[in-house]
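Asker: One-letter residues, chain by chain:
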Amino acid sequence: MNYTLLFYLSPNEFSARSDPSKRQAFWGSFVPYAKALRDAGVVVGGAGLQPPDAATTVRLSNGQRQVQDGPYADTKEQLGGFFIIDVPDLDTALDWAARYPAGAGGVVEVRPNLPPME
Amino acid sequence: MDARRAVEQAARDSYGRLVAFLARRSRDVAAAEDALADAFRAALETWPQSGVPEKPEAWLLTAARRRLIDEARHAHVRAGAVPTLLAVADEARELAGTETRFPDERLELLFLCAHPAIDPAARTPLMLQTVLGLDAARIASAFLVKPSAMGQRLTRAKAKIRRAGIAFELPDAEELPPRLDAVLDAIYAAYGRGWDDVAGADPRRQGLAAEAIDLGRLLLRRMPAEPEVQGLLALMLHCEARRGARRTSTGRYVPLSEQDVARWSLPMIHEAEQLLMAASRGCGTGRFQLEAAIQSVHARRAVTGQTDWETIALLYEGLVRLAPAVGAWVGRAAAAAEARGAATGWALLEAIPPAAVESYQPYWALAAHLLDRMGRSEEAAGAYSRAVGLCEDPAMREFLAGRARVASGQTASVPGAEHEP
Numbered sequence: 000m001n002y003t004l005l006f007y008l009s010p011n012e013f014s015a016r017s018d019p020s021k022r023q024a025f026w027g028s029f030v031p032y033a034k035a036l037r038d039a040g041v042v043v044g045g046a047g048l049q050p051p052d053a054a055t056t057v058r059l060s061n062g063q064r065q066v067q068d069g070p071y072a073d074t075k076e077q078l079g080g081f082f083i084i085d086v087p088d089l090d091t092a093l094d095w096a097a098r099y100p101a102g103a104g105g106v107v108e109v110r111p112n113l114p115p116m117e
Numbered sequence: 000m001d002a003r004r005a006v007e008q009a010a011r012d013s014y015g016r017l018v019a020f021l022a023r024r025s026r027d028v029a030a031a032e033d034a035l036a037d038a039f040r041a042a043l044e045t046w047p048q049s050g051v052p053e054k055p056e057a058w059l060l061t062a063a064r065r066r067l068i069d070e071a072r073h074a075h076v077r078a079g080a081v082p083t084l085l086a087v088a089d090e091a092r093e094l095a096g097t098e099t100r101f102p103d104e105r106l107e108l109l110f111l112c113a114h115p116a117i118d119p120a121a122r123t124p125l126m127l128q129t130v131l132g133l134d135a136a137r138i139a140s141a142f143l144v145k146p147s148a149m150g151q152r153l154t155r156a157k158a159k160i161r162r163a164g165i166a167f168e169l170p171d172a173e174e175l176p177p178r179l180d181a182v183l184d185a186i187y188a189a190y191g192r193g194w195d196d197v198a199g200a201d202p203r204r205q206g207l208a209a210e211a212i213d214l215g216r217l218l219l220r221r222m223p224a225e226p227e228v229q230g231l232l233a234l235m236l237h238c239e240a241r242r243g244a245r246r247t248s249t250g251r252y253v254p255l256s257e258q259d260v261a262r263w264s265l266p267m268i269h270e271a272e273q274l275l276m277a278a279s280r281g282c283g284t285g286r287f288q289l290e291a292a293i294q295s296v297h298a299r300r301a302v303t304g305q306t307d308w309e310t311i312a313l314l315y316e317g318l319v320r321l322a323p324a325v326g327a328w329v330g331r332a333a334a335a336a337e338a339r340g341a342a343t344g345w346a347l348l349e350a351i352p353p354a355a356v357e358s359y360q361p362y363w364a365l366a367a368h369l370l371d372r373m374g375r376s377e378e379a380a381g382a383y384s385r386a387v388g389l390c391e392d393p394a395m396r397e398f399l400a401g402r403a404r405v406a407s408g409q410t411a412s413v414p415g416a417e418h419e420p
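Protein sequence lines, in the order shown, are assigned to chains D and U.
Position 64 of the first sequence, counted from 1, bears residue number 63 in numbering that gives the first Met the number 0, the numbering being contiguous throughout.
Position 90 of the second sequence, counted from 1, bears residue number 89 in numbering that gives the first Met the number 0, the numbering being contiguous throughout.
Looking at chain U on its own, in the form it has when it is part of the complex (with noise of 0.2 angstroms):
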């Protein structure tokens, strides 16, 4: 293998790992990547010539560990760093020197980020820098921010867990359901952002639907009993089996019901199904589960070529009352005017507060279908206008205008008409 790609083997195998051992022990996030990017630039210059070590892990944490000391003998201001960063050293230096593995603590790394103390807005996007290594330039893209400001919302995030001397500890069982729940929450925001990218043509997104997957086994890993991180993995793995389906090969979108189950991915459906099998076996449901539930009996149809929309309703009815959000609103609207007819799904999607749905598209796409299918024309027109105009996703957005077309009968005048699935 040439040194370049060792070295990115390195960081892709244990650059979480290694943020992790350092910043537990320094309790200090940004001076673990500073020194560990300090050890990568070296192994980038020296491996190449020196040929890549042995024990690639051990090489890099012995880089970073001088780094940390070169950075205790500068702190003269944070004396009180000095002490902690040469012990983080020693220690370092141990581990490097013995055939263990160092210790994975990711998960602790993963905890310290959902603490409560820190910003809400800043948990996911640390997650993603701290455990994955993405940098602040690709996470401000995805989460569309502006990149300074996306740089600034980390460093202080960073400098409140040093200044605020959080604990880089698994939280007791008294605080862990709370913290549970913000860990799934920031993993799940990471995989909608992957999401929202199908055909991982978008670089500024490419790989971050894996990257959520790959933080849930590890989640997993450690709490192998716990219903909600089965159901998270459930959830994102049952929407990861149908990525190949939802674009046709021209790239036009294709609705889940008009999805061909040929190409949905069935070895991840088995994975997910199993999880929530196992999930439903503990104790507690909660909003993954259900959500994973709902997707569970769409994926029934690549089984039974069709879809049971009754039982989709009934489980949206259970996670509005769960977790109640602008999304499972719309979705029960959805589930009810399948199983139940256009009117009584109307009725639902009326009864959501306005505010709530004055940007979501969604929403919009949905009311247009229903007014439609209702032969309420006019305003079809009107809300399949507005689905199209907060359309971010070009294909979504000739899937809507096509549909619209096809709504006001003016097909046969209108060039791209003929593009309707």
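Here chain D stands alone, though its shape is the one from the complex (with noise of 0.2 angstroms):
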């Protein structure tokens, strides 16, 4: 069964993806966690998002398009990337959820996926 890993990222979280003080103790932990679930075949896909500056949200109200900056909801974690995996059941999505090598005050949001449409 495919689950979601969404994962919710802080302001200096995002900031220590590309920090270069930063960055090597960001990566030094989350590659080995992204390199786990490959190894251990569960990834039917996934991406790392660029921050939500780099958002824009289309909106679309009675045939009007709205485009505004920024990303949709404004809440202080953001997501920051997403995993797609493959495993029997939600505890062991969960499993791996708690594995998210997180900062302080990380988040993982898992939600299985409606089934593939015919």
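Derived by calculation from the structure, the hints in this document are not laboratory data.
Quick reminder that beta carbons are idealized off the backbone N, C-alpha and C, glycines included.
Errors might be hidden in some of the hints.
Claimed, not checked - Straight-line distance between alpha carbons at most 30 angstroms, and here's what the computed BS3-like set of lysine-lysine pairs gives:
id	chain 1	residue 1	chain 2	residue 2
1	D	K75	D	K34
2	U	K145	D	K75
3	D	K21	D	K34
4	D	K75	D	K21
5	D	K34	U	K145
6	U	K145	U	K159
Stated by the list, open to error - Far from chain D by the CB rule (all over 10 angstroms, computed), these chain U residues:
id	residue
7	L175
8	D213
9	E316
10	E378
Take each chain as given, in its own frame, and dock them per the hints.
Answerer: Laid out in structure tokens, this is it:
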């Protein structure tokens, strides 16, 4: 069964991904995590996302398009990346979520995917 | 004592015994818990005004009885339950009025939770909830399960107990061994969840280890001559004795072989050794005695200054035969590597079916260590990375990453490598 792990990052964690003094620590633990996922053969897909200031949001209401700078949700933690994994059950998906090497305040949301459309 | 604290104290001292008493008679764990929850709620409202009653347990029992009677009146659909509930209420009233302490039937409750008709995944959580009063959200966090799913699992298990009319009695001699095994497994599983939380900093698992040890003691009081019960308690005490030595003062991971023995708890080790000795006089060697014996050999380093790896390897040999599991296989390989060299340990590791270790972090950590010792540094780096990626515990992750950096010879350039113990 497919689950999506959604990784929410604080502004600090977003900056740790690119800040020269912190990036080694960040990727030093994230890369092995991603590799362990791949080596276990559970990864269906996924991507890391650019920070929320790179986001553009398109709204459609009554046929009108509204384009805005920035992410859709105005929250402190923002989506920083995701993995889609194929594991037998939710408990296994939660195990993988718990291994995410988050700094302080990291959050992983685990959602079962809808079955693929015919 | 202020009233609020008195209620908390009563909950700590008597919760399990009150649930056991009420559930045994009503054969309905959920109803017993509900009635008791009401009683505690009433205590929180009443005691601050009227003062703490002289016999808090009796007061709570009376209050729970009232709720059970209400329940009986409203339970038209379950007509059969009414007479039982009324009988419970009567007995509760009698007991509340007498001087006798009401009976401790938590052990019966433990065995009920381990009944083969109950979903194995629900047994430990059920014990933690009914005997220790932990709420479903906390249990779900400790077991890394969706809280609503854990709630349902517990509800289903309680419904099963009621509907199937599972007897609330200690199993007879024939049925006892498998049921006892399930009880021991469940207590040890609870201990394991608490053990992972080294610093006691994780509120989700706070005190879980201590609660598991309490259950072990409870079991031992009622089955004082049962070697596996002694073995389990000895095992938990040996592990618990090292809690203070497993991290440095700054929170860094310290492997067992490098722990400062001065920070081990000698009283706990002593108690564990007494238990293990008593167990060895009984008949039949079991899994928990072997595991406790392994920890006992480690504990001897406090006296001799060294670790007898050959004995540990032998004990693991026995454990692998008696209770084959991935943890025992990896432990055997680690001990064999220490006693007879990395290549011997590696051969044992390689013999483990790959599917069993795909996401088992201790396997990859040991594989990395042994590959490194054999000079196969490229493979070691791959295994280290896998082990780091499988860590849940930040301190362990930092420790393994440090080892990996030393192994790959990049100690000078990487910040943080000076943390290598």
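Asker: Are K145 of chain U and K159 of chain U close enough, with their CA atoms no more than 30 angstroms apart?
Answerer: With Cα atoms ~21 angstroms apart, K145 of chain U and K159 of chain U stay inside 30 angstroms; holds.
Asker: Is the Cβ of E378 of chain U farther than 10 angstroms from every Cβ of chain D?
Answerer: 13 angstroms, holds
Asker: Is the Cα-Cα distance between K34 of chain D and K145 of chain U 30 angstroms or less?
Answerer: 26 angstroms, holds
Asker: Taking 30 angstroms as the top limit, are the C-alpha atoms of K75 of chain D and K21 of chain D close enough?
Answerer: 20 angstroms, holds
Asker: Does the no-contact call for D213 of chain U survive, Cβ to all of chain D over 10 angstroms?
Answerer: Correct as stated: the minimum Cβ-Cβ distance to chain D is 26 angstroms, above 10 angstroms.
Asker: Using Cβ atoms and 10 angstroms as the threshold, tell me whether E316 of chain U really stays out of contact range of chain D.
Answerer: Correct as stated: the minimum Cβ-Cβ distance to chain D is 29 angstroms, above 10 angstroms.
Asker: Does the claim that L175 of chain U lies off the interface hold, with its Cβ farther than 10 angstroms from every Cβ of chain D?
Answerer: 31 angstroms, holds
Asker: Could you grab the alpha-carbon distance between K145 of chain U and K75 of chain D and see if it respects the 30 angstroms cut-off?
Answerer: 24 angstroms, holds
Asker: Under the criterion that the straight-line Cα-Cα distance not exceed 30 angstroms, is the pair K21 of chain D, K34 of chain D satisfied?
Answerer: This hinted pair holds, its Cα atoms lying about 20 angstroms apart.
Asker: Below or equal to 30 angstroms on CA atoms is what counts here, so check K75 of chain D against K34 of chain D.
Answerer: 28 angstroms, holds
In terms of the numbered hints stated before, the structure departs from none.
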